[in-house]
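K.L.:
Protein chains in written order, with the numbering used here: chain C, 1 to 385; chain W, 1 to 80.
Treat the hints as calculated values from the structure; they're not laboratory data.
Cβ atoms here follow ideal geometry from the backbone N, Cα and C, with glycine treated the same way.
Careful, some of the hints might be misleading.
What the hints assert, rightly or not - Which stretches of chain C does chain W cover? Using the computed rule of at least three CB atoms under 8 Å from a CB of chain W, they are:
| hint | stretch |
| --- | --- |
| 1 | 44 to 52 |
| 2 | 61 to 68 |
| 3 | 228 to 234 |
Said to hold, decoys possible - Below, in silico cross-link-like pairs of lysine-lysine (PhoX-like), each with a Cα-Cα straight-line distance of 20 Å or less:
| hint | chain 1 | residue 1 | chain 2 | residue 2 |
| --- | --- | --- | --- | --- |
| 4 | C | Lys-62 | W | Lys-8 |
| 5 | C | Lys-315 | C | Lys-55 |
| 6 | W | Lys-56 | C | Lys-264 |
| 7 | C | Lys-264 | C | Lys-55 |
| 8 | C | Lys-81 | C | Lys-188 |
| 9 | C | Lys-15 | C | Lys-27 |
| 10 | C | Lys-139 | C | Lys-55 |
| 11 | C | Lys-62 | C | Lys-188 |
| 12 | C | Lys-62 | W | Lys-73 |
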Amino acid sequence: MIYLDNAATTLIKPKNVYTASCNALRKCGNPGRGGHAPSVYASDKIYECRVETAKLFHMEDKPENVVFTLNATHALNIAIKSILHNGGHAVISSMEHNSVLRPLNKLKENGVTYSVAHCPIFDNEAAVNAICDCIDSRKTDCVIIDHISNVFGYELPIYRIDELCHARGIPLIIDASQSAGINDINTKLLKSTVYICFPGHKSLFGPQGTGCLLSCKVNHLYSIMEGGTGSNSIYEDQPDFLPDIYESGTQNSHGIAALCEGIKYIRSRSLKDVSAFHKELTVYALERLFAIPAIKVYSGPFHTHGVISFRGLNKDCEELAEGLNRQGIFVRAGLQCAPLAHKTAGTLETGTVRVSFSVFNTFRDIDILCYNINRLIGKKTFVFY
Amino acid sequence: MSCLIIFKSITYAQNANRLLGRNGINSYLIRKPSAIIANSCGYALKINCPDIERAKVLMGKSGINYISCWRYKGNNWYEI
Chain C
1 MIYLDNAATT LIKPKNVYTA SCNALRKCGN PGRGGHAPSV YASDKIYECR
51 VETAKLFHME DKPENVVFTL NATHALNIAI KSILHNGGHA VISSMEHNSV
101 LRPLNKLKEN GVTYSVAHCP IFDNEAAVNA ICDCIDSRKT DCVIIDHISN
151 VFGYELPIYR IDELCHARGI PLIIDASQSA GINDINTKLL KSTVYICFPG
201 HKSLFGPQGT GCLLSCKVNH LYSIMEGGTG SNSIYEDQPD FLPDIYESGT
251 QNSHGIAALC EGIKYIRSRS LKDVSAFHKE LTVYALERLF AIPAIKVYSG
301 PFHTHGVISF RGLNKDCEEL AEGLNRQGIF VRAGLQCAPL AHKTAGTLET
351 GTVRVSFSVF NTFRDIDILC YNINRLIGKK TFVFY
Chain W
1 MSCLIIFKSI TYAQNANRLL GRNGINSYLI RKPSAIIANS CGYALKINCP
51 DIERAKVLMG KSGINYISCW RYKGNNWYEI
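Work out the full structure: start from the sequences and follow the hints.
P.N.:
In C-alpha cells:
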C-alpha cells in the first residue's frame, strides 16, 4: 500500500497514537464532569493535549485558549460565526475550501457579505495585493485565509497578511488545515490573528473527529452551540470564558488522548525536520512528475508543502486515480471540496489528481507512483533513480 | 490543615495544579464541595493551608484566575 492522501487524513500514525487511543477507550470516564478517577484521568489527558498543542503554536502560557472541536470545519464555523453572527463583511482568498465558503453563504441570510480576493496560485505578491484591495477598513469585519491550499499546496504568506490586517485593525482567521504539524506557526508573531483552525487527523496524526480552534487575540467570544460544560452548572446561560464557551457536550477524550501522542511525535521530531522532509519529498515528486509528458503539473516557486495537483492531458482524473487505486496507490481526484481554488487555477471543469505526503512516505513511494502514472497513461518506459 | 482554591472550570484548576507543582507546592484536584458556594459543578485544588498565600501570589503572577479560597475549621468552610 502506498498512501498519498495525507491532505485528507493521515492513515499511518505514530504507534503511540494507536496505543493511546486503546488506553483511552479503556480508562477515560467523562472529562470535566466527575471527581472520580476515570473522569479526572480523562480530564488530565485532555489538559495534556491542550498543553502540547499550545506549545506547538508558541502559546504555552495559554493552554485554556486551545479549544477542541470535531474537525477544522467545526472550528472554522465557530470562528466565522462568532465574528459575523450579526452580519458584516469578510474578505477571503480565492483558495478557500468549502468549510469557509459554505458557512459564509449560509450567513448571507443574516446579511453577511464577502469579497473574494483573487490570489493566483504561487504568486504571493498578487495575493497580498488582492487581499489588500478587497479590504474596506470601514466595513470589513474579518479576513479569512487558507494557509496552504489543500489542492495545490500553495502557501499564502500569513505573516504579511497578518501585518496588513493589523495595520487596518481587522481580525484575521487562518485555516491551518494543511499546515498544522508541518509549518511552524508562531502565534507570538501574529498581531491580528484571532483564530487558527485545524484538524487533528491530518499532519498532527490524531484520529478523525478531532480538531482545534486556537483563540489568539479575541476580544469578544460568542458561542454558536450551547450545552453542558461541567462548569457553572447552576447558571442557565453558557459560560463566557475559554475553553468552556466553545466546548459544550462531552469531549472526545479518546480521540484527544491519541491526538496528544501525535503532537508529541511531531514535537519530538521537531517541526523544522518535519517541514524539511516534506520539502524534500515534494521537490523530488515535482521533478519526477514534470518528467511525465502526458500530465500537467500545477506548481510554482517555493512549492514545498507536501501537496501536489496534476491532471492527465488525455485521461480523466477520476479514472487515473482509480487506476492507481487498483495498484494499491491511494490518491484523491476531483475538486477536493475546494471549487473556488479550482476556479482560480482553471481546473474547475477537469478537477485534478492530488498527491499529498506525510513523514511516513518515502522517495520510493514517489518512484512507484510515477511508474504507475506512466503505465496508466500508456507510456511504457520509466527509469527508477 | 487543608485549604481549597475554587476555580471557574477544570482547565483553570489544572493550570494552577501544574503551576503550583512546578513551584514545589503540592495540590490535589477535587470537585468543589457543594457546601461552599451555590454554583455547583466546579473544581478546586486542595492544598496545605501554610502554602495558600504563596499559591495566590504565584497564580496572580501567572494570570491564573481563581474564584475564592476557603479553609475548613470546625465543621464549616470559611472564606479566606
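K.L.:
Are there hints from earlier that the structure breaks, and if so, what are their numbers?
P.N.:
Violated: hints 5, 6, 8, 10 and 12.
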